[in-house]
Amino acid sequence: MMSLNSSSIYIAFKNRYVLTGLIIILIFVFMAVFADFIAPYSPVEYVGPPLQPPSREYIMGTDNLGRDIFSRIVYGSRIMLTIVAIAVAISGAVGTILGLISGYIGGILDRLLSFTMDSIYAFPSLILAISLSVALGPSPINAAIAIALVYIPTYFRMIRGQVLSIKNETYIEIARALGLPSTRIVLRHILPHVTKTLMVVFSMNSADAILTEAALSFMGLTVQPPTPDWGFDLYKGRGFVLAGMWWIMLFPGLCIILLAVGFALISEGISTLITTRKR
Amino acid sequence: MGLVKYIAVRALMIIPTVLILYTLVFVILRVLPGNPVLAALGTKNIPEEQLKALMSELGLDKPLIQQYFEYLINFTRGDMGKSMVVRGRPIASDIIDKLPATLELSIWAILFSLIIGVGLGYIGARVQNPYVKTIVRLMGSIVFVIFIPALGLSLQLVFSRYLGVLPTGGRLSVTMGFKPITGIYTLDALLQLNIQAFFDALKHLVLPAFTLGLVISGPYMRLTLNNMEEIMESKIIEAYRARGIRDSRLLRHAFRHVLVPITTYTGLQFSLLMGGAVLTETTFNWPGIGTYLVDKVMYRDYTAIQAVIIIFAIIVGLTSLIVDVLYALIDPRVRY
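Heads up: the protein sequence lines correspond to chains A and B, in order. Our numbering puts the first sequence at residues 283 to 561. Our numbering puts the second sequence at residues 1127 to 1462.
It should be emphasised that the hints constitute simulated quantities derived from the structure, not laboratory data. Computed from a prediction, not measured in an experiment: that's the story for all the values here. One or more of the hints may lead you astray.
Think about it this way: if two alpha-carbon atoms lie no more than 25 angstroms apart in a straight line, the pair counts; the simulated SDA-like pairs of lysine to any residue are [claimed, not checked]:
#	chain 1	residue 1	chain 2	residue 2
1	A	LYS518	B	LEU1283
2	B	LYS1259	A	ILE293
3	A	LYS518	B	GLY1296
4	A	LYS518	A	LEU333
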């Protein structure tokens, strides 16, 4: 178990899975940031004849309202990335803090928290996210909160497990014997040792969060029309499949999968690095 | 006697799990601001008296604590409350209607994911080409990212629109004279020796079950590949080899050892499967619990959503119980 330092970051970058994943994600981030310059048309306005297949003018075709699908894809990356970033940041922070506390303190608090977290973890996360979004009311920020709440146990369980295995190491005992405050021990001497595993869980969880966001959008639980959003656009394209108008649903679908692949590749890359180094 | 006690204790542990989820959902749906009846009706223009009458009909005017326990007691009697949107319709009968469809989809999806996952994992272990191994291993790690509606709709495009060989949705072509018994149509058709209905049901099942099966097949690929490689390097195989057993037969021996982790994993897959089933059902208009849940979500039918969550919690609890018991039976090292 080694902590994260500049040389291990360098090694991670050299891993081709990590590199490919990063490139994919950066392309989408670039798209989101510079959407105003990249998108050829407005994403919400009638810009051409409806239901046009991909052509030189409209590279991904137009939808039933004559909107340019490529422009909607470009702007749609904003909503997706924002919701996922907020969700993962909240669940990562809350899950990690609770996991550290629960694992370090132990006792009744630990048992109660663990049991609750295990129960939620065992439950299908998408179904829970749907119920939460319904209760909170459909909106992008509520979707982010719903996704965040659902994934807290993922971080909690991992961090708690790591803390339990580190807690009884000699150097922690020494730190305790020296009378260092618990917060300092946890933050300075335990947390750095879980960062690598945290990275694996973090990137894997981001991929999950993307799919959950897309699923919530697919059910109309995030944005209101005409806001461009991949999951919701895919849902609208559903009605045109039997008419053979594949472009309306295919491009949003591919973007969802591609972005999730990016994060899954990073997770896979880092976890192979960790296991091969241990050997 | 040991085993019976183990099963009993393990079964009792489902109760707190279900209670936690019920409490969570209850708090989320009832305690959060906003009147659920108004949300379900989708309007605020309703006379005060009528609203009060509706609330008392649904039992929503009682104190929250009382609502919490009353629902719980009624639930154990099989009464899951009444729909808030379709007035007076008991939710329990809806769920009994829809559950077999989800069950059938899940069983076939597991079957598909076993065939795809174990099959590819086996090929990966058998082929000596390192690229094939890498591809199988990578697929095992990232196949879960396939967004179910995207794959499902693409398959519909190819098999329904272009090739015209498979239906886009539903469970059965309506024209057949077919009586459901268990509600699991493929089983019912076989019980009645109705081959035509069996193949018709199968035709409707193929695309949704394949979609869901592929998405959850990743862990099986990795499990099969890694375990088989590990076993092929172990002492058991060395002993077999010393007895002069050929390599092609050794693989079959190794494969037998992989079956235990696969059985265990099938239980863990269940929660992933249920989440995926909701999306698959919506994509293919499959009339199961998932479609039911999404319908109720559209209408904000809180009582129905609550009941579905509890049912899912019970299903997840039961599956993990069954897996634990199976595991204890298969693996003699497990002490209970």
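So, going through the hints one by one against the coordinates:
no., hint, in the structure
1, A:LYS518 / B:LEU1283, "holds (15 angstroms)"
2, B:LYS1259 / A:ILE293, "holds (23 angstroms)"
3, A:LYS518 / B:GLY1296, "holds (20 angstroms)"
4, A:LYS518 / A:LEU333, "holds (12 angstroms)"
Hint compliance for this structure: no hint is broken.
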